[in-house]
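Using the sequences provided together with the hints, build the complete structure.
Those sequence lines, one after another, are chains A, B, C, D, E, F, G and H.
Under my numbering, the first residue of the first sequence carries the number 443, and numbering increases by one thereafter.
Under my numbering, the first residue of the second sequence carries the number 443, and numbering increases by one thereafter.
Under my numbering, the first residue of the third sequence carries the number 7, and numbering increases by one thereafter.
Under my numbering, the first residue of the fourth sequence carries the number 7, and numbering increases by one thereafter.
Under my numbering, the first residue of the fifth sequence carries the number 9, and numbering increases by one thereafter.
Under my numbering, the first residue of the sixth sequence carries the number 9, and numbering increases by one thereafter.
Under my numbering, the first residue of the seventh sequence carries the number 2, and numbering increases by one thereafter.
Under my numbering, the first residue of the eighth sequence carries the number 2, and numbering increases by one thereafter.
Honestly, the hints are just simulated from the structure, not real lab data.
One or more of the hints may lead you astray.
Restricting the straight-line Cα-Cα distance to at most 27 Å, the calculated cross-link-like pairs of lysine-lysine (DSSO-like) are [to be verified]:
id	chain 1	residue 1	chain 2	residue 2
1	F	K10	H	K50
2	B	K761	A	K742
3	B	K673	A	K761
4	E	K242	G	K52
5	B	K649	F	K94
6	H	K25	F	K250
7	G	K50	E	K230
8	C	K165	C	K8
9	B	K638	A	K738
10	H	K50	H	K25
11	B	K638	F	K10
All values derive from a computational prediction rather than experimental measurement.
So the chains spell out like this:
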Amino acid sequence: MAKILMCGNEVIGEAAVHAGCTFYAGYPITPQNELTHYMSFRMQEAGGTFIQAESELAAINLVLGASAAGARAMTSSSSPGISLKQEGISYMAACQLPAVIVNMMRGGPGLGNIAPSQADYFQATRGGGHGDYRTIVLAPSTVEEAWNLTQLAFDLADEYRNPVMILGDGILGQMMEPVEVVRRHVQAKNAVSAHKPWALNGCKGRKPNVIRSLFLGEGELEELNRIMQMKYSKIKSKEPRFESLYTEDSDLVIVAYGTTSRIVRSAISKARHEHLHVGMFRPITLWPFPEAQLQKLAKKSKAFLVVEMSAGQMVDDVKLSILGQRPIHFYGRAGGGVPTEEAIIEVIKDILKPKSRKRVYA
Amino acid sequence: MAKILMCGNEVIGEAAVHAGCTFYAGYPITPQNELTHYMSFRMQEAGGTFIQAESELAAINLVLGASAAGARAMTSSSSPGISLKQEGISYMAACQLPAVIVNMMRGGPGLGNIAPSQADYFQATRGGGHGDYRTIVLAPSTVEEAWNLTQLAFDLADEYRNPVMILGDGILGQMMEPVEVVRRHVQAKNAVSAHKPWALNGCKGRKPNVIRSLFLGEGELEELNRIMQMKYSKIKSKEPRFESLYTEDSDLVIVAYGTTSRIVRSAISKARHEHLHVGMFRPITLWPFPEAQLQKLAKKSKAFLVVEMSAGQMVDDVKLSILGQRPIHFYGRAGGGVPTEEAIIEVIKDILKPKSRKRVYA
Amino acid sequence: MKEEIIFAGFGGQGIMVMGKVLAWAAMKEGLKVTWMPSYGAEVRGGTAHSMVVISDEMVPSPVVTSPTACVVMNRPSMDRYEDSLAPSGTLIVNESLIDRQPSRGDIDVLKIPVTKMATDMGNTRIANMIALGALNAKLKLVSMRALVDALKEVIPPDKHDLLPMNEQALKEGARLVARQ
Amino acid sequence: MKEEIIFAGFGGQGIMVMGKVLAWAAMKEGLKVTWMPSYGAEVRGGTAHSMVVISDEMVPSPVVTSPTACVVMNRPSMDRYEDSLAPSGTLIVNESLIDRQPSRGDIDVLKIPVTKMATDMGNTRIANMIALGALNAKLKLVSMRALVDALKEVIPPDKHDLLPMNEQALKEGARLVARQ
Amino acid sequence: MKKVFERPASLRAVPTHYCSGCGHSIVHRLICEVIDELGIREDVIAVCPVGCAVIAYEYWDFDCSEAPHGRTPCVATGIKRVHPDKVVFSYQGDGDLAAIGTAEIIHTANRGENITVFFINNGVYGMTNGQMAPTTLIGQKTSTSIHGRDITRDGYPMKMSELLSQLPGAKYIERVSVDNPANVLKTKAAIKKALKHQMEGKGFSLVEILSPCPTYWGLSPKDACRRIEDEMSKVFPLGVIKDI
Amino acid sequence: MKKVFERPASLRAVPTHYCSGCGHSIVHRLICEVIDELGIREDVIAVCPVGCAVIAYEYWDFDCSEAPHGRTPCVATGIKRVHPDKVVFSYQGDGDLAAIGTAEIIHTANRGENITVFFINNGVYGMTNGQMAPTTLIGQKTSTSIHGRDITRDGYPMKMSELLSQLPGAKYIERVSVDNPANVLKTKAAIKKALKHQMEGKGFSLVEILSPCPTYWGLSPKDACRRIEDEMSKVFPLGVIKDI
Amino acid sequence: MGKITIDRNACKGCGLCAINCPEKLIIMDESMNVRGVHPAKFTETDPEKCKGCKMCAIMCPEVCIEVYR
Amino acid sequence: MGKITIDRNACKGCGLCAINCPEKLIIMDESMNVRGVHPAKFTETDPEKCKGCKMCAIMCPEVCIEVYR
Ligand SMILES: Cc1ncc(C[n+]2csc(CCOP(=O)(O)OP(=O)(O)O)c2C)c(N)n1
Ligand SMILES: Cc1ncc(C[n+]2csc(CCOP(=O)(O)OP(=O)(O)O)c2C)c(N)n1
Ligand code: SF4
Ligand code: SF4
Ligand code: SF4
Ligand code: SF4
Ligand code: SF4
Ligand code: SF4
Ligand SMILES: [Mg+2]
Ligand SMILES: [Mg+2]
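Right, here's the structure in full:
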């Protein structure tokens with residue numbers, strides 16, 4: 443297959459089709475519109491359902507219904523719209539329903555702007571909704587990775603019966619990059635897999651199924667939570683994904699994900715030319731955060747630097763991994779600012795050669 | 443003033459009136475209904491506005507409008523309803539609008555149940571909505587404290603022009619306890635204070651005011667975020683509140699808030715009778731978390747135990763405060779379970795006298 | 007001193023009021039107290055209960071799981087709460103509506119036909135106060151005066167014509183215990 | 007090798023297409039490439055731009071803040087991007103619509119009346135391809151063959167009758183540079 | 009003698025949690041009677057609301073889903089689009105449908121989704137202790153309108169069926185009640201008609217049922233039924249509102 | 009000669025961000041003309057929508073608030089209840105009012121809030137690149153209906169003014185358009201009537217304005233105006249819908 | 002000619018059967034059932050009047066009435 | 002008797018003034034303004050035909066027309 447040039451939003455849509463997604467509901471919002479546009483015709487071509495919902499609330503609950511019915515289902519939005527989906531996400535997690543939710547983050551808070559941002563990290567990784575639940579969060583850094591992680595997202599969602607979030611930003615969504623895409627042209631009309639015995643499709647030959655999250659009986663909800671926490675423990679041990687770059691011989695390890703990691707990667711390659719021993723640890727799953735894997739690096743490297751397009755959110759997870767063993771620095775830009783290579787290199791120098799200048803990042 | 447017996451929900455309502463709240467909008471949900479009921483007549487008596495909104499979304503945005511107009515305004519709900527308010531809260535934070543939001547948490551996730559819970563801690567302290575914002579979070583543990591903290595909430599909201607959340611649960615809300623309440627009977631019709639020069643009340647004699655969170659100009663949104671982060675730094679240094687109990691001579695410090703802290707307090711008093719050196723650190727502000735104050739205790743005590751009605755959320759903040767200096771144990775019940783004194787005492791013993799039994803809490 | 011009491015029965019039997027009157031009375035006597043309504047499992051119907059904790063120290067949790075005393079006004083309440091009663095706890099049983107005998111031997115049981123007594127006194131609704139009067143006399147929690155004062159706080163002003171009848175019921179309950 | 011190029015002009019001038027054709031061509035020649043449309047400040051109207059980064063290493067950010075080359079198709083674009091151009095960068099100016107002279111002295115300026123040329127060739131819409139042809143020739147980015155191939159990918163099949171004209175425009179642009 | 013009336017097979021033989029004289033129970037039974045008569049128990053998927061009927065799945069012996077409060081028709085739509093051959097209905101209270109779920113029911117009807125909605129109008133929020141609903145009558149006392157619903161503060165009782173009938177996507181809408189045997193039988197007929205309508209692929213159908221909530225009307229079951237006849241059906245007239 | 013037409017004082021002399029021929033700009037000006045004529049600039053508080061008109065506050069020289077998408081009437085209500093003596097209006101697109109904000113506009117109207125709503129119906133989501141709106145015409149091509157709006161999938165164009173007019177709380181509702189000078193003048197008259205209506209305390213008023221979006225209709229401004237006359241106003245007839 | 006049976010302990014005592022029986026054959030029992038309510042009771046005096054018309058059962062929210070004819 | 006002025010550089014060239022002038026006194030200029038559009042231009046040939054009827058200004062979205070009479 444030859445590569446083609448495609449933007450991240452559309453690639454996610456095509457990857458979803460490829461993964462057997464037969465239901466998409468969404469409400470327009472920049473910078474994820476290309477995905478909604480794409481699905482508006484592609485779902486029909488693929489024999490699935492596209493609904494332009496009246497709101498994000500409607501969209502997530504349409505997806506809840508489709509998922510309850512056994513379909514692979516997806517919705518997408520950007521920051522403010524994702525905030526509106528929080529109740530629905532909490533319900534889906536509690537009902538143990540799979541689904542893929544795409545958040546192409548934009549500058550916030552409030553209406554903010556449509557520039558790239560990573561300030562919904564807390565919301566995505568800690569559960570912006572109510573109650574003790576988590577969503578698996580995948581953070582692609584290239585269009586090609588978006589192709590792969592979207593398919594993975596559907597598999598993980600089904601495997602764990604839990605919503606999975608793809609977290610990107612306007613750069614990932616709108617940028618075109620070469621990618622090898624396999625277009626599948628026909629999908630099964632109803633992709634209710636035999637291996638979803640819990641799904642609702644009429645109780646022929648079995649006891650009725652119930653999809654619910656209300657548990658009023660003494661201890662019942664505690665039991666659901668126990669089951670969910672066990673699942674989450676399993677995910678935490680099995681599913682952390684990350685990429686390391688030069689972490690073997692680095693005095694300073696930069697932790698960055700998604701779009702930011704691209705810029706960090708390039709800054710590092712320049713810094714290495716200047717003989718600065720700096721490497722990168724790139725979490726691919728933001729939840730589960732690759733805590734143990736990062737923890738290991740605390741032995742080797744002298745310091746850590748977290749670079750985010752936010753006021754500092756992932757920095758909590760890095761601190762929780764390193765637990766005071768090494769200094770952790772932070773450099774971020776909030777509200778849609780994109781860190782430049784130059785600025786990152788400067789920070790690297792400040793940390794590794796503190797004589798040259800004295801600034802504190804924390 | 444003699445004490446009277448009143449439930450937490452109603453006390454919060456009366457305290458709001460006392461603090462000059464003239465606008466309340468809410469949508470019913472257990473276990474906070476007594477507050478909505480109370481405000482439905484009390485606001486009118488006090489010359490303010492009560493609106494039973496068509497939804498939680500409507501409620502938070504009615505409050506946004508009232509706050510933009512300069513009024514002291516409040517809304518209340520419980521977990522699922524608070525999830526629905528996340529977009530609005532993010533907007534209010536970004537627009538720098540004061541307001542008081544009450545969350546009487548219930549068992550989750552999803553519809554869950556109406557039993558007490560503390561599983562919305564992440565949502566409340568990290569911003570369940572999108573973007574880099576925080577809400578001040580106050581956690582009363584008694585009805586009397588609810589009376590005081592509600593009034594404080596309005597003051598802090600105005601001082602910092604930021605939403606403040608009161609975080610309780612069904613026990614705090616529905617329990618009656620003795621409290622000294624001063625009923626003020628008349629309120630100014632329109633409580634638009636002269637000291638809110640940003641408020642919307644017609645541009646007579648001044649330039650028009652605009653309440654907004656959209657900033658499209660190059661760097662503008664970054665500047666808003668800078669201002670907000672400066673504000674948050676100030677709050678972090680000035681506003682942490684907490685209570686210590688026997689922390690001076692404790693081998694083990696239990697960290698607990700709200701309802702849970704009551705049970706812990708009692709467990710501690712029993713444990714001390716058995717000569718167990720155990721104390722309590724009770725955060726009253728959950729954000730800003732009294733990190734520095736807790737950090738100090740790391741020198742004195744050998745271990746920490748976090749007790750929460752959740753699968754472990756505040757434990758992150760405790761870890762971020764102690765940063766690996768001491769072992770941190772966790773005991774929690776999720777999904778509406780309330781820890782018992784006996785269970786807590788058992789855990790205390792397990793930690794302080796590990797020979798007796800070997801269980802791990804982490 | 008710490009008493010953890012559950013009042014239970016049908017909605018309509020004045021279960022909430024029973025607890026509130028006791029709680030107000032205890033507060034007036036300077037004790038620490040909490041009152042808590044039903045919560046949790048029930049949706050609609052079924053039994054209602056209210057929980058009162060009275061103590062000379064701050065009350066940790068108003069949620070009572072192992073009560074020191076229990077007033078059961080109907081059969082389902084008895085079925086539900088008998089087992090949870092703490093050893094040597096007190097069980098006040100509304101004999102009029104509960105046909106079965108308590109099964110535990112390690113508790114103190116007081117059976118009173120409160121519904122019948124109330125009907126005889128002219129108003130079924132005051133059965134709750136008879137039971138409360140009895141409970142209070144049995145456990146010597148607060149003074150009768152405090153209870154009677156508390157009635158005024160709990161019963162809404164527009165129903166204060168019912169105060170004398172409720173007071174009478176409290177006293178009737180107390181008398182019954184005294185006679186035993 | 008790394009080129010960061012901004013194409014800018016009015017909506018309707020084919021600004022997005024210009025970038026996409028170059029990006030496709032670069033990809034076909036095995037280079038790493040990103041294309042990125044306008045984002046950020048604009049709501050409606052104003053100038054549109056697209057950004058292409060071509061490199062032999064993985065492209066860090068597709069957002070170009072300091073371009074190595076810039077094609078400005080109208081006056082507001084020139085006003086906006088001239089200053090951001092990297093030192094000794096290349097500026098392709100649509101002379102037909104831009105009356106002012108570039109103010110910087112440290113850059114390489116190429117002025118071409120692409121709109122007029124396109125009109126002369128029979129279709130104002132191909133002005134973008136003339137400019138692209140010139141840019142490519144000037145910077146020696148990709149082969150003409152790759153550009154022509156790329157056209158087929160970017161122009162939707164139902165408009166493939168326009169391919170020859172676009173190809174001609176690319177070549178015309180290239181020729182112009184060669185002549186200089 | 010032959011048994012001429014018994015519990016429908018698809019209604020489980022368990023006691024309900026509903027208050028004495030609550031209309032929900034009657035409607036639950038009617039739905040099951042119709043499902044049995046149509047022989048579609050194995051083809052039905054129901055979506056239960058957040059409201060007093062939240063645990064209807066405890067009583068109904070067929071596939072059911074919960075839905076977040078008010079989003080009931082979205083969940084039903086999601087299911088129906090995945091299984092167009094199944095019979096999907098949502099069951100919603102007036103808080104669920106006419107307050108928090110206003111947008112959802114309107115757009116579901118407008119898209120002409122081929123689902124059926126059973127709308128239980130009892131004029132209060134039963135589950136959360138009897139607050140005012142959009143359908144509460146003027147002057148009616150509830151826990152958030154202790155002096156009675158006041159139009160200047162609280163607005164007017166909303167006639168959702170009439171409103172929805174304006175949408176071309178809505179095909180069959182009827183208002184019925186369960187206050188006496190004749191009306192109960194009409195309710196059953198309407199339920200049957202609506203489900204058949206769906207099975208014939210005719211599009212969105214809704215049956216609004218005026219239903220007593222003795223508890224939060226503060227009335228005996230008998231008086232609650234009388235109130236439906238005397239007051240409620242004056243504001244919400246019974247009958248077919250749309251049928252095309 | 010005397011100047012007989014100039015920019016109204018409350019419309020700032022700055023270029024707008026609107027596309028060439030966009031109806032938003034015309035309506036902005038008309039609102040300002042009316043405000044100037046009524047002399048209420050210092051008493052007006054406007055609530056701007058999320059939509060192409062999101063930064064209307066850059067143009068309007070009076071107090072303004074933003075509102076989350078669709079919650080515009082809630083924010084306006086909050087303001088009005090605090091300042092009943094001010095003139096408060098919300099300005100909303102069809103995505104804002106007829107999609108995400110359906111519940112809010114209906115309940116605001118139903119409560120009879122004494123505010124005014126200017127509803128810009130351009131049949132698409134302008135700001136987010138021209139997707140289908142609830143008001144998109146059947147067959148109309150948009151970025152999410154590239155083969156044209158299909159009623160079986162997407163439902164029907166929603167007539168919000170007609171729907172809202174069913175609610176007793178709504179007092180004055182009129183549909184106008186800005187496709188030719190006569191209609192522009194009628195629009196101005198409707199805007200004035202609505203604001204006066206509010207100032208007289210008469211309750212909820214709404215003016216729906218059919219407004220060209222040449223960009224996402226893929227038409228020249230001239231043809232866009234023609235389309236309003238030829239197609240749009242056939243589906244959305246002009247005129248007073250309610251006035252009591 | 003008809004008859005009914007009432008599940009005494011399932012009955013919630015709403016009385017809707019009683020008021021809707023055209024023959025007034027259902028009364029509310031003086032004694033309480035396990036739920037603590039006065040359940041409906043089929044007449045003992047003139048059961049033969051029952052027409053098996055089902056009106057009682059149709060109204061019963063708790064489905065505690067079975068009708069024979 | 003009237004006349005109009007057009008703010009040439011504010012004009013977005015929509016042409017709504019031109020099509021709505023009853024006297025057809027407005028044409029679109031051949032040359033572009035700073036915005037790169039062909040702006041509206043008041044007739045130079047027969048300005049006296051202008052009645053000052055304001056139709057042009059009423060339609061102008063950009064408020065770039067002033068009318069005198
Ligand atoms: C998001 C959310 N808001 C509020 C609630 C609380 N709640 C539960 S049921 C209900 C209303 C019930 O009223 P209705 O829909 O009329 O049903 P009924 O109980 O009267 O049958 C409310 C507000 C909730 N569970 N979730
Ligand atoms: C919660 C939320 N959802 C979606 C969006 C994205 N969005 C911005 S404007 C808009 C719709 C605009 O359409 P309309 O209301 O018709 O206004 P127009 O631009 O056409 O005037 C949308 C969906 C948003 N900002 N917030
Ligand atoms: S509260 Fe009302 S609606 Fe709910 S079960 Fe009781 S009677 Fe029925
Ligand atoms: S996109 Fe449409 S509505 Fe938005 S400014 Fe352009 S023409 Fe106006
Ligand atoms: S079947 Fe008819 S006659 Fe017989 S008891 Fe029932 S209602 Fe009365
Ligand atoms: S209708 Fe049913 S529940 Fe009601 S009294 Fe009669 S038998 Fe009992
Ligand atoms: S004022 Fe009237 S006649 Fe004069 S240019 Fe304008 S439209 Fe034409
Ligand atoms: S109407 Fe205004 S903007 Fe449009 S062409 Fe005429 S002067 Fe220019
Ligand atoms: Mg209801
Ligand atoms: Mg629109």
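How the hints compare with the structure:
This hinted pair checks out: K10 (chain F) and K50 (chain H) have alpha carbons roughly 17 Å apart, not beyond 27 Å. Taken as a hint, the K761 (chain B) and K742 (chain A) pair is honoured in the structure, with Cα atoms around 22 Å apart against an allowance of 27 Å. In summary, the hint linking K673 (chain B) to K761 (chain A) is supported, as the alpha carbons are separated by about 23 Å, within the 27 Å threshold. The suggested pairing of K242 (chain E) with K52 (chain G) is violated, with an alpha-carbon distance near 33 Å, which exceeds 27 Å.
Our distance criterion of 27 Å between C-alpha atoms is met by K649 (chain B) and K94 (chain F), whose separation comes to about 16 Å. For the hint linking K25 (chain H) to K250 (chain F), the alpha-carbon distance of about 38 Å lies beyond 27 Å, and the restraint is violated. Between K50 (chain G) and K230 (chain E) the CA atoms are separated by roughly 23 Å; this keeps the pair inside 27 Å, and the hint holds. At most 27 Å may separate the alpha-carbon atoms for a hinted pair to count; K165 (chain C) and K8 (chain C) exceed this at roughly 32 Å.
The hinted pair formed by K638 (chain B) and K738 (chain A) fails the criterion: a straight-line CA distance of about 52 Å is larger than 27 Å. A threshold of 27 Å between alpha carbons decides the hint, and for K50 (chain H) with K25 (chain H) the separation of about 9 Å falls inside it, so the pair holds. Taken as a hint, the K638 (chain B) and K10 (chain F) pair is broken in the structure, with Cα atoms around 44 Å apart against an allowance of 27 Å.
Against the hints set out earlier in the document, violations occur for numbers 4, 6, 8, 9 and 11.
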